[in-house]
Amino acid sequence: MPVLTRLLGLLLVLVVLGWLVFVFVTGTPYALQQLVNGVTLGMIYGLIAVGYTMVYGIIGMINFAHGDIFMVGAFLSLIALIALSSLGVTSVPLALALTLLFAAAIAALYGWTVERVAYRPLRGSFRLAPLISAIGMSITLQNFVQVSQGARVKPMEPLLPGGISLLNDPDFAVQLSWMQIAIVVTTLAVLGVFTWIVTRTPLGRSMRACEQDLKMAGLLGIDTDRTISLTFVLGALLAAVAGLMILLYYGVIDFYIGFVAGVKAFTAAVLGGIGSLPGAVLGGLLIGLIETFWSAYFSVQYKDVAAFSILVIALIFLPTGILGRADVEKV
Amino acid sequence: MNAAAALLAVADLSMRFGGLRAVDALSFEARRGEITAVIGPNGAGKTTVFNCITGFYRPTAGALTLRHPDGTVYDLERLPGFKIASRARVARTFQNIRLFAGMTVLENLLVAQHNALMRTTGFGIGAVLGLSRYPAAERAAIDKARFWLDAIGLLARADDPAGALPYGAQRRLEIARAMCIDPVLLCLDEPAAGLNPRETDELTGLLLRIRDGGCTLLLIEHDMGLVMRVSDHIVVLDHGRKISDGDPAAVRADPAVVAAYLGEGDEDEAEPVAEGIAAPEIAAPELR
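Sequence lines, in order, name chains V and D. So the first sequence is residues 1 to 331, counted in the working numbering. So the second sequence is residues 1 to 288, counted in the working numbering.
For reference, chain V alone in the conformation it holds in the complex (with noise of 0.2 Å):
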């Protein structure tokens, strides 16, 4: 029934978002501190989303193991910043910058490998096959990380302690962080770029062109199979930025963070529209917004209940996502 279907969904949109404006208009400075909070964390899920959704749109499978490039990227970041002060690298932008280059170089570097040796010899397999060895492939970099780095939770020191207030408040004042700052700032230079690359390079034209129909390029004369490995290279970049991040943000991590950020990403690629771009980073920010506004309201602990129990809603609602298109059949 479209009709009940379509008015359910909008009476839960206008019940959100009346819920929205009441816990703005009563808690103003807190509500405020939420939206900051949330939109920093949106960001993180929206880079590593960006990579999901870039592969599904080229060759239509889920790469399982992007959540673990991820969390190698953010092991990577603090391998290179624990190194780099005991270098002596005293300026923190100069370690933040060196460190971000390092660790996307090298995360690139698994990115390309994992393509190249669990996912093309199988091209033109059965489609549960990638699959499969995807999920193989999360696990093997798992357990790679776990053994060689160890299984104990890595702490870091805030490197940008500090921020500023906003909106002082006798109560409560809304803390803005360098770090907050630090990460929304990168993110949308990071994504700025990448857009650039993606609409206006030879190499971002071919990879949409192979998105569209992969053997209609290689017929142009487009070498298919290195447009795919760049797209899991420029897919690892982000999935590293993000991973500096988190390591920043929350300043631990282990070598799990990659499955539940990974699935949290890929929920987000697929509420934006899977296969659209600026779909993965809108729902990336949506599922930040989700998780935060749920843990301040009402539960931290079952914060990732709500995320996902709002994906399963908006596939109900949106099958394709907000972005997203839906399949025309041709004629």
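Treat the hints with caution; some may be incorrect.
Unchecked claim - Some chain D residues judged to face chain V by a derived CB distance under 7 Å, without partners named:
hint, residue
1, F100
2, M118
3, I181
Treat the hints as calculated values from the structure; they're not laboratory data. Only a predicted model underlies this, so the values are computations on that prediction, with no experimental measurement involved. In this text, a Cβ means the ideal position worked out from N, Cα and C, and glycines have one as well.
Given chain V, work out where chain D should sit, using these hints.
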């Protein structure tokens, strides 16, 4: 027949799918700077030949030799798919439209120049770093795209999504896109299918213009008017075998061709028409 002028030599090409011989020991040549038409009833194996030439199928047997004007020789049956376009410079279009519908008309033409752009820009690294050679290369690519857009009368619609064009324009755009890879051999699979007479006339002009520009064409077409007007050489297939080969006048007069199209084969007496693959598609008067 001057052997040196052969651009594409198909020798003893066979393609078998299980028990079906889609193409059976087929040999013919496409001479440089000519339009060679491959005709035959439905199911005769024409598209299979194209699929072998462009690397979609690996032939069961036979050789496909492409001899570039500069003397370089390519064995198409051994080249990996994308190199048939990028190295051997063979382009093709399909019976159905396969444009990148979500990209603009101009982008469709730029995608086809991907390799040229990538070479001049150090495989995209230069583009990412914004090196000065990149804008020049991109401008050259856009100029070429504009040239072909002008030739097919779509210059005004360069920035529209390709999927929004009318059907006839999409067909012309596919040909323009194929030309943007700078092909030495252009294979067109039923380019006139679904076109109205005026559009078919425009297509005729475009094909002759491409030929006069030095590109060799291989054409599958059911519109006999078009075939007879543009072809320099016609190869007729039936049941995967060549039944006639020659200039339009000779092929038109060949009794075997008439028999194949009317389904009253003197060679195929053992096989009743109802079971045969070919339904007569083109009426005899049109053929004559």
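Taking the numbered hints from earlier one at a time, note which ones the structure violates and give those numbers from smallest to largest.
none
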